[in-house]
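With the working numbering applied, the sequence shown corresponds to residues 2 to 901, in that order.
Honestly, I wouldn't trust all of these hints.
Said to hold, decoys possible - Distance condition first, Cα-Cα at most 27 Å in a straight line; then the derived DSSO-like pairs of lysine-lysine:
hint, residue 1, residue 2
1, K522, K243
2, K847, K8
3, K405, K663
4, K674, K824
5, K405, K495
6, K302, K663
7, K416, K495
8, K16, K84
9, K776, K16
10, K98, K16
11, K498, K448
12, K405, K416
13, K201, K98
14, K243, K674
15, K616, K243
16, K522, K79
17, K560, K498
18, K84, K847
19, K451, K414
20, K414, K498
21, K824, K776
22, K344, K414
23, K617, K344
24, K451, K522
25, K481, K416
26, K847, K812
27, K498, K405
28, K405, K448
Unchecked claim - Now the in silico label distances, taken between C-beta atoms and shown as ranges:
hint, residue 1, residue 2, range
29, D556, D361, 51 to 61 Å
30, T203, V654, 36 to 46 Å
31, V869, K814, 12 to 22 Å
32, F637, N540, 34 to 44 Å
33, R86, N806, 35 to 45 Å
In case anyone wonders, no lab produced these hints; they're calculated from the structure. In this text, all values refer to a predicted model and were calculated from it rather than measured experimentally. The beta carbon of each residue, even a glycine, is placed where N, CA and C say it ideally should be.
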Amino acid sequence: MVVAVEKLITSDILKPARYLGNELLAVRKPWDTAAIRWVLTYPEVYEVGASNLGHIILYNVLNAQPRQLCDRAYLPGKDLAAKLRETNTPLFAVESKRSLAEFDILGFSLSYELGATNILEMLDLAGIPLTWRERQQSRGAEGQGGRESTDTQSSFPLIFAGGQTATSNPEPYADFFDFIALGDGEELLPEIGLVLEEGKQTGLSRENLLLDLAQIPGVYVPQFYDMAEDGSVHPLHPDVPKRILRRVATPIPAYSIGLVPYVETVHDRLTIEIRRGCTRGCRFCQPGMLTRPARDVEPDKVVEAIEQGMRATGYNEFSLLSLSCSDYLSLPAVGMEIKNRLKNENISLTLPSQRVDRFDENIANILGGTRQGGLTFAPEAGTQRMRDIVNKGLTNEELLRGVKTAWEQGWDKIKLYFMIGLPGETDADVMGIAETVSWLQRECRGKGRKPLNFNLTISNFTPKPHTPFQWHSVSTDEFKRKQNVLRQEFRRIKAVKVNFTDVRISAMEDFVGRGDRNLSKVVRRAWELGAGMDSWYENLDRAFSAWGSAIAQADLDWKYRQVENGEWNVFHAEAPKGKEDGENTQLLTPNSSLIAPHSLDIPLPWDHIDTGIDKKWLQEDLQRALEAAIVPDCSFEGCSHCGVCGTDFGHNVVIESPAIPKFAGEFVPNTTKGQRLRVWFGKQGNMALISHLDLIRLFDRVVRRAGLPIAFTGGFHPMPRISLATALALGATSSGEIADFELTVPVEVDTFREKLAREMPTDIPIYNVEQIDLKTSAATQLLESAEYLITVVALAETTPIQWQNWIDTIKAKEELWYEQITKSGKSQLINLRDRLFELELVETNKSVAESMSSVIRYLGSYRQDGLVLRPEQILFMLETVAGVEFQLLHIHRNRLTLGV
2 MVVAVEKLIT SDILKPARYL GNELLAVRKP WDTAAIRWVL TYPEVYEVGA SNLGHIILYN
62 VLNAQPRQLC DRAYLPGKDL AAKLRETNTP LFAVESKRSL AEFDILGFSL SYELGATNIL
122 EMLDLAGIPL TWRERQQSRG AEGQGGREST DTQSSFPLIF AGGQTATSNP EPYADFFDFI
182 ALGDGEELLP EIGLVLEEGK QTGLSRENLL LDLAQIPGVY VPQFYDMAED GSVHPLHPDV
242 PKRILRRVAT PIPAYSIGLV PYVETVHDRL TIEIRRGCTR GCRFCQPGML TRPARDVEPD
302 KVVEAIEQGM RATGYNEFSL LSLSCSDYLS LPAVGMEIKN RLKNENISLT LPSQRVDRFD
362 ENIANILGGT RQGGLTFAPE AGTQRMRDIV NKGLTNEELL RGVKTAWEQG WDKIKLYFMI
422 GLPGETDADV MGIAETVSWL QRECRGKGRK PLNFNLTISN FTPKPHTPFQ WHSVSTDEFK
482 RKQNVLRQEF RRIKAVKVNF TDVRISAMED FVGRGDRNLS KVVRRAWELG AGMDSWYENL
542 DRAFSAWGSA IAQADLDWKY RQVENGEWNV FHAEAPKGKE DGENTQLLTP NSSLIAPHSL
602 DIPLPWDHID TGIDKKWLQE DLQRALEAAI VPDCSFEGCS HCGVCGTDFG HNVVIESPAI
662 PKFAGEFVPN TTKGQRLRVW FGKQGNMALI SHLDLIRLFD RVVRRAGLPI AFTGGFHPMP
722 RISLATALAL GATSSGEIAD FELTVPVEVD TFREKLAREM PTDIPIYNVE QIDLKTSAAT
782 QLLESAEYLI TVVALAETTP IQWQNWIDTI KAKEELWYEQ ITKSGKSQLI NLRDRLFELE
842 LVETNKSVAE SMSSVIRYLG SYRQDGLVLR PEQILFMLET VAGVEFQLLH IHRNRLTLGV
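Start from the sequences, fold in the hints, and give me the full structure.
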């Protein structure tokens, strides 16, 4: 059953284009011919989910499989969620508009410890029971969304999760998912699809289907396992493995090309993965431990994917992605090759946080373009001792060299990431953060240059499973104290902006992230109490209150207090007798032994997840941290014997860099005005829900994809010379929009129109293209009037004769005064009748609830000096002469009239 979304996705919804599913490069496969129908459901708002690289890759991988269909769904905004509940409409997939319950399998990305509440919200909106037990018990015809059921299968789809958090410790979420996909999904998900297809054909029961899935390496089915009293997890069934293997796949850049949204997303660019995995060995870093071994992508495949992707998407920016981009030896060569190939197209390259010790002139040369982007480094700690403890592998000299190189290459602002609460940290180490920033500023001074600005993010260390620091905790009070120490220190330092993360949420992340199955009830209750979107700043107070109440109601507040008090602290000795709580601050020396060594051997809730890293190695690395001993990066030096490399996980793949191409020069905007073309176009159907700013971005990308020789403005931020005559209200349709294009060289009008129309969405038709004189004023300066067709309904019983009389009355008047508030807040009276040139009743008919609706055509003033007659002002005129309340149902702009 296709959900009727026309009355749900309307212009009164915030960013309605989020839910249209009409993006460029979206894959639309026929529903009826698919054997298995997937939905990749990203439990965040569209702007976050649609730009997530893993989401895009897996979407493309699944749709490349024969007989498999993959649609998408995202967490709806509060406004749409309220509409769904009010109308009893299930949450739907954006492309097919079908209820999520109609699909065979739903996959959620779980990449944040507190993100499961968003998943429960989506399941509830879809009408799907929240736990696997409830779904198994729901058999028969009560399946949601019109889905038929059989005697052997539940009426609901299989629900699974993947992502970093799901892989590291799935136990707090075990009640909600039928299975967990561990590790990389490019090979794992197609294997799951084949098993599902075979099981569907043979009519396997849900339990037997899950038992078959459990045989696939990387699939963890929680219902076949049980938790012992000590928190460890063991099999209940003889046919499932004791430990479940994390899957490893080779990145394929071609799958990164796809999904070009019409709304601006958080990463509004093409993103290509250049290296998966990191072997630097930072002891706090969970991604670095969970993605080993490191695998470089062949440089020619990266270049090919970027060039192909930029042509196919029309983006003006691309990003190269890796946990440590600077460790991709081919980075300067690849970046320069692409920069040279696309030098005439005003393209910029951005990189995520980089290794400051590898930042040099070669990397500086490939970054940015005419739009020099920001630069981010992560020293993590303010002193050499602390950087050695965490195995950062960064010296003060390397830090200064990297920052100074950036400053010398023109960067005046740099973002730095630090952490506090790291194991073994003293107040001297904390104050070392401020001292390091001040020192860097002093060393980067020069005549004619303003002081180097820093934007600092200081986060609270949160211990993560499968890392050497998984046995460590820090108290909330200690975090607050250290934050206050830094606030005092930074008051004396200018040109520095400091952001601290909220200590309450850090404690919650720790409590859930290292929890066991007992926390599933906490997660559910937190959602019931209003938790959701917990990583968003404006929701922190509500989230903290909900989680705190849920923990207390589950009688687990004693355990949460242990986290808050930092009681799992292996870097401190036991408090001497007679000392008060909180005074156990005797720091262990390198010659000390760990407090209660046997405690490191206590079973952990995630021990049954085989990431490849030996738990004994993590214990040994923790001891090395006590000694501030460095472990070299095994991608470039000797093996660290962590246990990953072998048959199951593969080995490091490090590719030597090709020669760096000679720099062909920066982009020089071509400001030549060789031709001006005026285009008349429409905005119809779903594209009426695209905002004006999104439409401007769309035209830029269309021109790039079409390969049209557009002229650019000059200056520091060259922009394509495309000028839309005026904006159109969100939700309004049109058949009379105008845009001016300036080209560097003449192009045949018919050729231009053909290329432009080929790249445009079908709901933006091109009606006419004319060449105009180069000296002609822009359309936006020539606007005189606009003709509209508006559909209006009277909120009272009316007749066609009354409608005509009202129209005639308006036309007969010479004055209709309207109070208008100016931008400065002042009130002024304007005569609307002076702005009305033509008014006509086109038709009347009965509409909803037997109210009379009418279509009215009017021609009114539309000048850029503010003399504009808007559709809602026609309603004011009608209400003035009729004494009846009216509602505007639809706006259609017929044409814009230009003066000479």
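Against the structure, the hints come out as follows:
no., hint, result
1, K522 with K243, "25 Å, holds"
2, K847 with K8, "18 Å, holds"
3, K405 with K663, "24 Å, holds"
4, K674 with K824, "36 Å, violated"
5, K405 with K495, "18 Å, holds"
6, K302 with K663, "20 Å, holds"
7, K416 with K495, "15 Å, holds"
8, K16 with K84, "15 Å, holds"
9, K776 with K16, "38 Å, violated"
10, K98 with K16, "17 Å, holds"
11, K498 with K448, "23 Å, holds"
12, K405 with K416, "14 Å, holds"
13, K201 with K98, "23 Å, holds"
14, K243 with K674, "70 Å, violated"
15, K616 with K243, "16 Å, holds"
16, K522 with K79, "24 Å, holds"
17, K560 with K498, "36 Å, violated"
18, K84 with K847, "26 Å, holds"
19, K451 with K414, "10 Å, holds"
20, K414 with K498, "11 Å, holds"
21, K824 with K776, "32 Å, violated"
22, K344 with K414, "25 Å, holds"
23, K617 with K344, "51 Å, violated"
24, K451 with K522, "55 Å, violated"
25, K481 with K416, "23 Å, holds"
26, K847 with K812, "25 Å, holds"
27, K498 with K405, "19 Å, holds"
28, K405 with K448, "15 Å, holds"
29, D556 with D361: 51 to 61 Å, "56 Å, holds"
30, T203 with V654: 36 to 46 Å, "39 Å, holds"
31, V869 with K814: 12 to 22 Å, "19 Å, holds"
32, F637 with N540: 34 to 44 Å, "42 Å, holds"
33, R86 with N806: 35 to 45 Å, "43 Å, holds"
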